[in-house]
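Chemist: Those protein sequence lines, which keep their order, are chains A and B.
Using the working numbering, you'd call the opening residue of the first sequence number 1 and step up by one each time.
Using the working numbering, you'd call the opening residue of the second sequence number 1 and step up by one each time.
Please keep in mind that the hints were generated in silico from the structure rather than gathered at the bench.
The structure presented is a predicted model; accordingly, all values stated were derived computationally and were not measured.
Cβ atoms here follow ideal geometry from the backbone N, Cα and C, with glycine treated the same way.
Mixed in with the good hints, there may be bad ones.
The calculated DMTMM-like cross-link candidates involving lysine to aspartate or glutamate, where the alpha carbons are at most 25 angstroms apart (straight line), are [stated by the list, open to error]:
1. B:Lys14 / B:Asp30
2. B:Lys70 / B:Asp30
3. A:Lys70 / A:Glu53
4. A:Lys69 / A:Asp7
5. A:Lys102 / B:Asp59
6. B:Lys70 / B:Asp54
7. B:Lys71 / B:Glu24
8. A:Lys26 / B:Glu24
9. A:Lys102 / B:Glu72
10. B:Lys9 / A:Glu17
11. B:Lys9 / B:Glu72
12. A:Lys102 / B:Glu62
13. B:Lys57 / A:Glu53
14. A:Lys70 / B:Glu24
15. B:Lys14 / B:Glu72
16. B:Lys57 / B:Asp30
17. A:Lys102 / A:Asp83
18. B:Lys57 / B:Glu24
19. B:Lys83 / B:Asp30
20. A:Lys26 / A:Glu15
21. A:Lys26 / B:Glu15
22. A:Lys70 / A:Glu5
23. B:Lys83 / B:Glu72
24. A:Lys102 / A:Glu55
From the derived model, a few chain B residues whose C-beta atoms are all more than 10 angstroms from chain A [as the list claims (entries may be wrong)]:
25. Gly58
26. Ala61
27. Ser67
28. Ser80
Below are the chains, spelled out letter by letter.
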Amino acid sequence: SQQGEEDPQALSIQEGENATMNCSYKTSINNLQWYRQNSGRGLVHLILIRSNEREKHSGRLRVTLDTSKKSSSLLITASRAADTASYFCATDAGYSTLTFGKGTMLLVSP
Amino acid sequence: DGGITQSPKYLFRKEGQNVTLSCEQNLNHDAMYWYRQDPGQGLRLIYYSQIVNDFQKGDIAEGYSVSREKKESFPLTVTSAQKNPTAFYLCASTSWASGTGYNEQFFGPGTRLTVL
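All chains, please: the whole structure from these sequences, using the hints.
Modeler: Put into structure tokens, the structure is as follows:
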């Protein structure tokens, strides 16, 4: 069963703009992770935020986690054409497996 | 180079045939996973293994089989019982950290299987 649900399904922006993607989930988690997938490739891990953390930064990425609302957001600042990809959230509920959402497809136009 | 490899990149199979997808990692990770991805969809877990000679079914194990005879290798067999096997298959691995649990997963490049 898919626990994480990303919103929006697709997002189109211009280079230099910020991109925000949201993820909602249903059950308690140990951590939430964001991954990126270029077309036809494997996933690449971006950032992991634990249930006791509220915000985390990594370069141009900012992730927030609100466990009371069971939601997370991924912000990519000053986007570039190379950021074009699908972005997935995945939740770790402590069962040694991850549950992935369906992803947000981001298109950054030059 | 440390990493996780999958082969082949593209695979074509006739209906009724079994086919085995390879997954190898040299990251010394204990846990390995197989996912299936359909167009425009997220990843669904097929099988996973936390230790050699042991594995568990995921959400969509029917029609698939795995083995874990070596720590580095976790091959997936797509059997003729799988009714709709055409998909993108991804293998992943991860390590365990005492006190914090499993870390992030590292993914292979994927195998695209097409049934003719």
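Chemist: Taking each numbered hint in turn, which are not upheld by the structure, reported in ascending numerical order?
Modeler: 1, 8, 9, 10, 13, 14, 15, 19, 20, 21, 23, 25
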